[in-house]
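> Residue numbers (the UniProt record's numbering), protein chains in the order written: chain C, 1 to 529; chain G, 1 to 529.
The set of hints was computed from the structure by calculation and includes no laboratory data. A couple of the hints might just be wrong.
[Stated by the list, open to error] Pair ranges (Cβ atoms, derived):
#, chain 1, residue 1, chain 2, residue 2, range
1, C, Glu129, G, Thr123, 25 to 31 Å
2, C, Leu177, G, Arg23, 56 to 62 Å
3, G, Gly343, C, Pro106, 35 to 41 Å
4, G, His83, C, Glu129, 37 to 43 Å
5, C, Leu265, G, Phe199, 45 to 51 Å
6, C, Leu177, G, Gln452, 41 to 47 Å
7, G, Arg68, C, Gly146, 37 to 43 Å
8, C, Lys440, G, Gln452, 54 to 60 Å
Note that CB positions come from ideal geometry on N, CA and C, so glycine has one too.
These are the residues of each chain, in order.
Protein chains: 2
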Amino acid sequence: MKRWSLATAVLLVCTQAAFAQERVDLDMTAKIRQEAFARSQVMKTLDHLTDVIGPRLTLSPSMLEANRWTRSKFTEWGMANVHDEAIDDLGRSWAFTDASVEMLSPRAMPLHALPKAWTPGTTGPVEGEAIFAKIESKADLEKWKGKLRGKIVFTDDLRAYKPNEKSDFQRHDHDSLEELISYPLADDRKTDPAMIARFRARMELAPLINQYLVDEGVVATVSISSWNDGIVRVMGGGSRKAGESAGVPSLVMMAEHYNTVMRALERKEPVKLRLAVDAKFLSDNNQAGYNTIAEIPGSGPQRDEVVMLGAHMDSWHAGSGANDNGAGVAVMMEAMRILKAVGAKPNRTIRVALWTGEEQGLIGSQEYVKQHIGKFEEPKDPEQKALPAFLRPSKGKLIRGQDYGKVSVYFNLDNGSGKIRGIYAQENLAVAPIFAEWLKPWNDVGATIVTQRNTGSTDHISFDAVGVPGFQFVQDQLDYFSHVHHTDLDVQDHAVEADLKQASAIVASFVYNAATRPQKLPRKPFVEN
Amino acid sequence: MKRWSLATAVLLVCTQAAFAQERVDLDMTAKIRQEAFARSQVMKTLDHLTDVIGPRLTLSPSMLEANRWTRSKFTEWGMANVHDEAIDDLGRSWAFTDASVEMLSPRAMPLHALPKAWTPGTTGPVEGEAIFAKIESKADLEKWKGKLRGKIVFTDDLRAYKPNEKSDFQRHDHDSLEELISYPLADDRKTDPAMIARFRARMELAPLINQYLVDEGVVATVSISSWNDGIVRVMGGGSRKAGESAGVPSLVMMAEHYNTVMRALERKEPVKLRLAVDAKFLSDNNQAGYNTIAEIPGSGPQRDEVVMLGAHMDSWHAGSGANDNGAGVAVMMEAMRILKAVGAKPNRTIRVALWTGEEQGLIGSQEYVKQHIGKFEEPKDPEQKALPAFLRPSKGKLIRGQDYGKVSVYFNLDNGSGKIRGIYAQENLAVAPIFAEWLKPWNDVGATIVTQRNTGSTDHISFDAVGVPGFQFVQDQLDYFSHVHHTDLDVQDHAVEADLKQASAIVASFVYNAATRPQKLPRKPFVEN
Chain C
1 MKRWSLATAV
11 LLVCTQAAFA
21 QERVDLDMTA
31 KIRQEAFARS
41 QVMKTLDHLT
51 DVIGPRLTLS
61 PSMLEANRWT
71 RSKFTEWGMA
81 NVHDEAIDDL
91 GRSWAFTDAS
101 VEMLSPRAMP
111 LHALPKAWTP
121 GTTGPVEGEA
131 IFAKIESKAD
141 LEKWKGKLRG
151 KIVFTDDLRA
161 YKPNEKSDFQ
171 RHDHDSLEEL
181 ISYPLADDRK
191 TDPAMIARFR
201 ARMELAPLIN
211 QYLVDEGVVA
221 TVSISSWNDG
231 IVRVMGGGSR
241 KAGESAGVPS
251 LVMMAEHYNT
261 VMRALERKEP
271 VKLRLAVDAK
281 FLSDNNQAGY
291 NTIAEIPGSG
301 PQRDEVVMLG
311 AHMDSWHAGS
321 GANDNGAGVA
331 VMMEAMRILK
341 AVGAKPNRTI
351 RVALWTGEEQ
361 GLIGSQEYVK
371 QHIGKFEEPK
381 DPEQKALPAF
391 LRPSKGKLIR
401 GQDYGKVSVY
411 FNLDNGSGKI
421 RGIYAQENLA
431 VAPIFAEWLK
441 PWNDVGATIV
451 TQRNTGSTDH
461 ISFDAVGVPG
471 FQFVQDQLDY
481 FSHVHHTDLD
491 VQDHAVEADL
501 KQASAIVASF
511 VYNAATRPQK
521 LPRKPFVEN
Chain G
1 MKRWSLATAV
11 LLVCTQAAFA
21 QERVDLDMTA
31 KIRQEAFARS
41 QVMKTLDHLT
51 DVIGPRLTLS
61 PSMLEANRWT
71 RSKFTEWGMA
81 NVHDEAIDDL
91 GRSWAFTDAS
101 VEMLSPRAMP
111 LHALPKAWTP
121 GTTGPVEGEA
131 IFAKIESKAD
141 LEKWKGKLRG
151 KIVFTDDLRA
161 YKPNEKSDFQ
171 RHDHDSLEEL
181 ISYPLADDRK
191 TDPAMIARFR
201 ARMELAPLIN
211 QYLVDEGVVA
221 TVSISSWNDG
231 IVRVMGGGSR
241 KAGESAGVPS
251 LVMMAEHYNT
261 VMRALERKEP
271 VKLRLAVDAK
281 FLSDNNQAGY
291 NTIAEIPGSG
301 PQRDEVVMLG
311 AHMDSWHAGS
321 GANDNGAGVA
331 VMMEAMRILK
341 AVGAKPNRTI
351 RVALWTGEEQ
361 GLIGSQEYVK
371 QHIGKFEEPK
381 DPEQKALPAF
391 LRPSKGKLIR
401 GQDYGKVSVY
411 FNLDNGSGKI
421 RGIYAQENLA
431 VAPIFAEWLK
441 PWNDVGATIV
451 TQRNTGSTDH
461 ISFDAVGVPG
471 FQFVQDQLDY
481 FSHVHHTDLD
491 VQDHAVEADL
501 KQASAIVASF
511 VYNAATRPQK
521 LPRKPFVEN
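The shape of chain C in the complex, shown without the other chains (with noise of 0.2 Å):
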């Protein structure tokens, strides 16, 4: 009993000596929040980057016109150090502007289907007959020798239509973010050499398909929308690169339209389509895509030292990139403007990047970091070497940039226009009364977790990899996960205005707490290898 209440004693003392420690400017803070929600041109911005500019493929003219844009929106609001930087070499540039697919017979019928990116278009309206074939491994390319000249193949099984018994529109209550805080501990993963094993397979074969499919002499190819009620989930296939086959025009369809078709066949019905794509390669060699940068120089004796914030501006094509990732680059545009119209004077210097590249793998983030920050020295064997980094076994030795000591800390937005709820402190520890104190003044528009998870999949990763604090925040996952994420359906009206308003908030005043207070903050432990 006794050395029970000791040791909760010693815990409080630590405690409030922690947060004792942390202050955070309340004016400053209350002048952030009331341009925030009282001035806000959040929304302006997302309507110029979904409506105006329009989807913003990785490497495509709207890509580009997305660098343009914002490197003026930041001088205009006077940024200092407003500049692109190129990643070599990313790819090729494509772009769609219609697709039509209509059934001819047995019955017609318009079929809603749109172009996988980087895959050919068609020379106007071309006709087929709809075959259900997999392609899937060798054995299947000689199966289907000879058996595909002049078909619109069908490449996946019909899928019956589940129901989602829940709402499509989620938002985080008390229980759902009590479940977030607790850390679930996981079995190791393993580099299992199975995964490896057949990662590489596709890797191999998905280039083979694409030229198989050419030589046959197939139509088009036509894969299902992951998701059902109409909704056309789309992402890349072909090939951006430069020097390989793109196979054939490859479209996902709508699901109940697609299981139609694949009824009709099951019926042995002949099926004839008629399909014009109007999608191009817009080169033949391989392109530069850009990041755009911008700063608010610091002012203090750690001028030198750095606060990042980001956002991926590149998205898929289908819908107009609203919420995967407009929502994100409108919310840290916003936290940059708001920060100068307060009259911010941060000690460190406040550097904002809009990626290019993120749906493709990180790529503009990932380039960056090796680029300034730090990174792994390429492994000597040519297998290894041909893994991408997570399937290798080993990491190698961290190489580090000039910036690796100076970056404090990297923030990033990326689940869509839901408010934030909190933030992942990804087993930052120290980090965690630091965040928990930062939130406060947050707590009544409901950012009130910090939760030790890691959460991935997005361009806080590529800091987090070398040992750089970078962050994702906790969003509302509003109907990202039902309607929006890589779908037609991403389009500005899916964003939600109150969420973005206080997610720009919260950002400002994160990015201008990290720049201002005495210390950088604290990094985890990093192990190499």
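Given chain C, put chain G in place with the hints provided.
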């Protein structure tokens, strides 16, 4: 205390007496159940109706094919008196095969839209500038005169996205069924003179607007889909009737794309569109539409009496009319098949009717009732005559037809593919304990309630209106009012097989019970005028 006990005792005796009279043949019910659950053909029927025949717009070639095919199935299954009954001069036949809309500027993107039924197509692709113009009054006709030539008119306001906080897929639970049993007393629905005036004005204006759009050289009109999330919900426009202007090509566009165009117009950006609508009228003159009828003749003393069941076979054209109302048709056909398969020898004649023209105002069933059962005297006042029946202050005198006394009951199904949870008794108090008894063998598959609520808007109303018992079953809603009702998603995928089997069994048993019980079903008080 004593009085209460007495009352309870009396109630119990009376209730038991009533129930005791209502004998259900459980042997036959078990046969029906087994045939419906273990040897169902309901999905095969639905598949043919929706995938092979396709959508069945009233008067369209597909609807005629559905009349032909259902006759052939009824004949194959051994039904008697299989025939079609014509509704003359129903309107012109119309069909569409494809529609595509493309935004050419300010940026290129495909826009998802489908034509309203009974509106003209285009001759190949046409281009025009989008303009926002609401034409809802004679003053609007003047206001826009000379300003719409060559334009594509967007006719609705931009509509902000509202997320659905509930699941898109709903089943009844204990509470919602309890709620449905309670009868809500409403204020008298008076025939409001202002409503009549508005209706008259709208009726008068519609053909004027159609002709005006033609005269003014409008390229096409575009309306916003009434549902979000990419769903195209589209019914009729133009005019079904020969001699009336069908206006110009008229499309319904998915809300997210409609709003995209509207926001561009709000930014004063010129929006240029290209559209091609492959739609046309297949007849210049009004044609007949058809109800398909078939019977299992009665073999008992009441063989001249009739028990009817039915569902409307016509559908809208965007999907394949699977849930509205392929499901109802498939269930009613399956109920007939089951009764034949189990060797039912009904006392009364069982007659199934598959209606046309329901979507245009219950036309098929109304005409059937007029022809065979009863009709109200037409008003002599031409003003009254011009009004639809539901807006006339008096129904007029009922002229009873030859089947008026012979039809015991009509059962209808028209709320999607959801399983049966009970039945609407339409304030027929005497029928309620009978139905409650009939439901007992089906309690274990979820059919439990009898509610005195009136449900409307489909073909049982044509019977109910003349005082002949007409009932519609209570069904689980599923995604009927979130995804499929009058939309491009109304396809077979969204129909639930297990639910259709359950409904087929229950309908077959209700029909059998009605056709074999000693008396016709009781009628509720019928007040003429």
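> A separate judgement is required for each hint: does it hold in the structure or not?
For each hint, the structure was consulted:
1. C:Glu129 to G:Thr123: 25 to 31 Å: holds, 28 Å
2. C:Leu177 to G:Arg23: 56 to 62 Å: Because 59 Å falls inside the window, the suggested range holds.
3. G:Gly343 to C:Pro106: 35 to 41 Å: holds, 36 Å
4. G:His83 to C:Glu129: 37 to 43 Å: Because 39 Å falls inside the window, the suggested range holds.
5. C:Leu265 to G:Phe199: 45 to 51 Å: holds, 49 Å
6. C:Leu177 to G:Gln452: 41 to 47 Å: holds, 46 Å
7. G:Arg68 to C:Gly146: 37 to 43 Å: holds, 41 Å
8. C:Lys440 to G:Gln452: 54 to 60 Å: With a Cβ separation near 57 Å, Lys440 (chain C) and Gln452 (chain G) satisfy 54 to 60 Å, so the hint holds.
Of the numbered hints given earlier, the model fails none.
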